[in-house]
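Generate coordinates for the entire structure from the input sequences, incorporating the hints supplied.
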Amino acid sequence: MLELFASFSPAFILIAAGVLAGFIPTSKSGSFISKVLMVGAPALALVCINVIYYGQTENTYLGGQLSFAGIELTTLRIDSLSIIWGYIFCFAGILNGIYGLHEKCKITDTSALIYTGAGVGAVFAGDLITLFMFWELLALSSVFIVWRGGPKSYPAGMRYLAMHILSGVLLLAGLVIYGRATGSYAFNNIGLDMPGGWLIFLAFGIKAGFPLLHNWIQDSYPRSSVTGTVILSVFTTKLAIYALARGFAGTEILIYIGAVMTVFPVFFAVLENDLRKVLSYSLNNQLGFMVVGIGIGSQLALNGVAAHMVSHILYKSLLFMSMGAVLHRVGTIKASELGGLFRSMPYTAVFCMIGAAAISAVPLFAGFVSKAMIITAVFENGHLVVYAMLLFASAGVLEHSGIKVPYFAFFAHDSGKRVKEAPWNMLTAMGITAFLCIYLAIPGTYGGMQYLYGLLPSEVAGAAKYNPYTDYHVIFQMQLIMAAVFAFALLKRIGFYPPERRAEILDFDWTYRRLGLSLLQWGNAMWSRLGAVIIYALRGMFGNISRRLYQVFSPAGALSYAAPSGIAAVLIAGMLAVTLFVVYFL
Amino acid sequence: MQIMSLFPEWILSHGAASIVIIPLLLAVITAVNSSARLAWATVLGVTALCAFTALGLLLQVMSFGPIHYNMGGWAPPMGIGYYIDGLNAPLLLLISVVAFLCTLYALPSVVAEVEPKKHGPFYAAFLISLAGLLGMVATADAFNVFVFLEVSSISTYVLVAMGASRDRRALSSSFNYLIMGSIGATFFVIGIGFLYMQTGTLNMMDMARLLQEIGPGDRVVQLAFAFIAIGLGLKLAMFPLHMWLPGAYAYAPSFFTAFLAATATKAALYLLLRFTFTVFDPNWDYIAIAVMILLAGMGILGMVAASLQAIFQNDIRRVLAYSSVAQVGYMLLGVGMATTLGLTAGYLHMINHAIMKGALFLAVGAFWYRFGITQVSDMRGLGKTMPWTMAGFTIAGISLIGVPGTVGFVSKLILVEAAAENGWWWAIGVIVATSVLAIIYVGRMIEQAYFKPVPQINDRPVRRNEAPLAMLIPLWVLALASLAFGIQTEWLMNLAEAAAQVLSAGSNTVIPGGAYALPAPIGGH
Numbered sequence: 001m002l003e004l005f006a007s008f009s010p011a012f013i014l015i016a017a018g019v020l021a022g023f024i025p026t027s028k029s030g031s032f033i034s035k036v037l038m039v040g041a042p043a044l045a046l047v048c049i050n051v052i053y054y055g056q057t058e059n060t061y062l063g064g065q066l067s068f069a070g071i072e073l074t075t076l077r078i079d080s081l082s083i084i085w086g087y088i089f090c091f092a093g094i095l096n097g098i099y100g101l102h103e104k105c106k107i108t109d110t111s112a113l114i115y116t117g118a119g120v121g122a123v124f125a126g127d128l129i130t131l132f133m134f135w136e137l138l139a140l141s142s143v144f145i146v147w148r149g150g151p152k153s154y155p156a157g158m159r160y161l162a163m164h165i166l167s168g169v170l171l172l173a174g175l176v177i178y179g180r181a182t183g184s185y186a187f188n189n190i191g192l193d194m195p196g197g198w199l200i201f202l203a204f205g206i207k208a209g210f211p212l213l214h215n216w217i218q219d220s221y222p223r224s225s226v227t228g229t230v231i232l233s234v235f236t237t238k239l240a241i242y243a244l245a246r247g248f249a250g251t252e253i254l255i256y257i258g259a260v261m262t263v264f265p266v267f268f269a270v271l272e273n274d275l276r277k278v279l280s281y282s283l284n285n286q287l288g289f290m291v292v293g294i295g296i297g298s299q300l301a302l303n304g305v306a307a308h309m310v311s312h313i314l315y316k317s318l319l320f321m322s323m324g325a326v327l328h329r330v331g332t333i334k335a336s337e338l339g340g341l342f343r344s345m346p347y348t349a350v351f352c353m354i355g356a357a358a359i360s361a362v363p364l365f366a367g368f369v370s371k372a373m374i375i376t377a378v379f380e381n382g383h384l385v386v387y388a389m390l391l392f393a394s395a396g397v398l399e400h401s402g403i404k405v406p407y408f409a410f411f412a413h414d415s416g417k418r419v420k421e422a423p424w425n426m427l428t429a430m431g432i433t434a435f436l437c438i439y440l441a442i443p444g445t446y447g448g449m450q451y452l453y454g455l456l457p458s459e460v461a462g463a464a465k466y467n468p469y470t471d472y473h474v475i476f477q478m479q480l481i482m483a484a485v486f487a488f489a490l491l492k493r494i495g496f497y498p499p500e501r502r503a504e505i506l507d508f509d510w511t512y513r514r515l516g517l518s519l520l521q522w523g524n525a526m527w528s529r530l531g532a533v534i535i536y537a538l539r540g541m542f543g544n545i546s547r548r549l550y551q552v553f554s555p556a557g558a559l560s561y562a563a564p565s566g567i568a569a570v571l572i573a574g575m576l577a578v579t580l581f582v583v584y585f586l
Numbered sequence: 001m002q003i004m005s006l007f008p009e010w011i012l013s014h015g016a017a018s019i020v021i022i023p024l025l026l027a028v029i030t031a032v033n034s035s036a037r038l039a040w041a042t043v044l045g046v047t048a049l050c051a052f053t054a055l056g057l058l059l060q061v062m063s064f065g066p067i068h069y070n071m072g073g074w075a076p077p078m079g080i081g082y083y084i085d086g087l088n089a090p091l092l093l094l095i096s097v098v099a100f101l102c103t104l105y106a107l108p109s110v111v112a113e114v115e116p117k118k119h120g121p122f123y124a125a126f127l128i129s130l131a132g133l134l135g136m137v138a139t140a141d142a143f144n145v146f147v148f149l150e151v152s153s154i155s156t157y158v159l160v161a162m163g164a165s166r167d168r169r170a171l172s173s174s175f176n177y178l179i180m181g182s183i184g185a186t187f188f189v190i191g192i193g194f195l196y197m198q199t200g201t202l203n204m205m206d207m208a209r210l211l212q213e214i215g216p217g218d219r220v221v222q223l224a225f226a227f228i229a230i231g232l233g234l235k236l237a238m239f240p241l242h243m244w245l246p247g248a249y250a251y252a253p254s255f256f257t258a259f260l261a262a263t264a265t266k267a268a269l270y271l272l273l274r275f276t277f278t279v280f281d282p283n284w285d286y287i288a289i290a291v292m293i294l295l296a297g298m299g300i301l302g303m304v305a306a307s308l309q310a311i312f313q314n315d316i317r318r319v320l321a322y323s324s325v326a327q328v329g330y331m332l333l334g335v336g337m338a339t340t341l342g343l344t345a346g347y348l349h350m351i352n353h354a355i356m357k358g359a360l361f362l363a364v365g366a367f368w369y370r371f372g373i374t375q376v377s378d379m380r381g382l383g384k385t386m387p388w389t390m391a392g393f394t395i396a397g398i399s400l401i402g403v404p405g406t407v408g409f410v411s412k413l414i415l416v417e418a419a420a421e422n423g424w425w426w427a428i429g430v431i432v433a434t435s436v437l438a439i440i441y442v443g444r445m446i447e448q449a450y451f452k453p454v455p456q457i458n459d460r461p462v463r464r465n466e467a468p469l470a471m472l473i474p475l476w477v478l479a480l481a482s483l484a485f486g487i488q489t490e491w492l493m494n495l496a497e498a499a500a501q502v503l504s505a506g507s508n509t510v511i512p513g514g515a516y517a518l519p520a521p522i523g524g525h
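Residue numbers (the working numbering), protein chains in the order written: chain G, 1 to 586; chain L, 1 to 525.
Because the hints were derived from the structure by calculation, they are not lab data. The beta-carbon is built from N, C-alpha and C at its ideal position, and this holds for glycine as well. Treat the hints with caution; some may be incorrect.
[As the list claims (entries may be wrong)] Partial chain G-side listing against chain L, Cβ under 10 angstroms, derived:
1. Q65
2. L66
3. E136
4. L140
5. F342
Below, the structure written as structure tokens:
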């Protein structure tokens, strides 16, 4: 049984389960079975990966060599880099399964399983063709999850699909050029200098949310369903991080791209009212840290990337889960309409705060032990400006994800909403994740940090070598946190946060906010006017083009007359003349 | 050779002739048959027998090399020779298997679409058309090719016209096709005439040998090439000569559209390949230039223009018909590269396209059978009302787009590779762009079916009404084949490579005149 998957890919356990779930009827027992699949299939895949990898002695397991249309493929490569991704993907799959137990939706079940499978398959792809196939499957399966968000999510899903298809096309073009130039489709370090390297880089960049290519994240994730957003937040972007780490480790431009990625979402996240959108911005910001780490490319940095990816998946899922629970119970996720929910959803509030502490890198929480590695690596490599940007971004994360999200949802002014606590399955999933967020950060014999570090790709900087809990580091981090908390309190005091609209006493504040607001409003109005003009112009242009196309190609168009035989005969004679000309004179 | 012992002796020794003669003879019996059921059963039996024979021939060619068969024992160049090799054996199998599946499908479909008293003649015409296609693929005699071309064409005109009981426009479409098809056939026979004038033989191999002696400079041979290329180009719906195709596909009876789309243009493409690469010599300058400009150039034009046209169509079958023209463009592009890889891509796409387009047209026929649907806008809610049919349609549709894991992807990938090998980067751009156009025209139908609500009748949604099993089985066989061969690519790739090798070997390796011995005795049983 397991041998079968060893010679193909454990991803097919998940994909097969997904297809099966699609055919199970929606009766009571049927939905029970599909829920068993949702939790059981990722668990089985996890066991399968473990058995395959530790069932042999090599450092790298290569399997599934097969010839596809004349090209040698390696559909399964488990090595020290990919296995940590495989583990956490399967594990996240299990958590998603538990979190979604209450939901009866065939489309989500099917596409979530296939989506998870595509993620696992892509991570274990040993060559670019296999990577491409799972890359496309990932996009196709996930768009259905976006569409579960209701009618408003449909256009967002289309935009999401367009971006990902573009990414796939770029990857395909790049890999063909690369494969022809090098004669091999193996997926190893590619580098920008290789032919096709830039195309592949851009393809990865779209999925990783590079600046200006990032909009699909904030566009689509907050619009999906309660469970959908949690599932979406795990796989796509982290696969891109893996692909970058595998193909472009040590590419210098990534350092600067990553640094920009960490900084710019901070401003948007602070202004945003939709809390799931806030989290989407902070997702982008966290990816920036990993991209910087990949750009540095030292062993410490890559270890940091892998560790940060694991803890990021955990705390980001936890935050999205808690916000999902709020949305599930309250029906809205607008910061301005929430508040005081800790009274009615105490467990969710606690879990959300654990996630917030982890993303803020509070010592003894998961973010701390992983982010520290990346920042240390940046410092060691002497990129001081980038180092400063990362510190600013860390403070920014704390600002919007660490404080803003739990504060506005569960505390702030009481919205008067009294709802039930989240369902038991959501609490279970959040509880497990929250436990791991703490456990993985605890050093010492009984803590979980050794296990996290033990999984990291480079042995050199493995479990024993790196210690985040130095006095200097802990104190520095605490200072950073204190500063951020202070800044929040100050900004709160002077009423910077838009949703809070209590009357202030000081006149100056009022003027200040009014001025800022009206400036913003003016800018906004101008912007939308400009946008309208541009859209009008574009629509006119494209309208013309499509009208022309229609006139030529439509059923009533010039090319589609039920051609009278006479014209056709003339055409045939014309073609003969052309051919004769070619044959005789060229 | 264990597997060869499954085939009876006569298939191995006389299969090349009997695969053509059996349907031809039984067509006569079918024509005078008054019972529709019996006629159908006869056709089913004949097509099954043909498929079995074709499989035997293919295996024989694969293990023992080409088969030479002399009709009536008269050796060519005096008599008519049949010649089966790696190029046409897969096509024989393809045609007869598709014929078998379509016949299975025909039982409910023909009852609904054709007047009851015409069933016997209808099935007879189908058998004649099948025999014609198989004949033009199997024969090695140039004039015999023309005869079978006309046999299949004339019965096709009749069959298209029989769609008139469903839609009167079938008559004018059939008439158009008749005129244009006849011009094409005439051009072809004029070309053959010129060749006969210069070489004095009608056997293709003999012709190739004598043409080599004449050399590339001969004006009459050049003229012959132009006539043959245009005549066959019309039959295979090369881009500006495709005008007969949308009408014929849109108004013929459902099952015949599927058969026509999957086989007829392929047989003509095969002839073009056979003549261009093995009778003429692709190394001659004018052939090389014509192949590049005419085939690849028109292929590219067709891919773009016909894909655009498919996007704007309202009738489902017209969408698919224009998509067929575009797909022929892909095949021509591959062939036009004239490299082994390009030929492999073209040939593979020919087989793959037959599989997926067959499935699509079968599904569309089922939509009409249950709900009378012909327009794209009427497809809304089909994902709920005919889930299995629609699922089959969707699989074939995504294969047409070229999604990984389907046959469409395999052949497009190899086509892209071939273009890259030639350094034709612009062609890769066009392939990708037209794939996006395919996403649009296929996506439009899938969107209607799955994302639009089920239509209401008297305030109640339309009830689920799945197609009968006789329709679902052939549809799903083809749909699953498009998945299976998308993952297990080896088998079809081997066939396509063998065919491409025959073509790249060109006319130089053709066995000279003396080699028309009876087939070597078959071992292993």
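Discussion item. Name the hints, by number, that the structure is in violation of.
Written reply: Going through the list in order, the structure violates hints 1 and 5 and respects the others.
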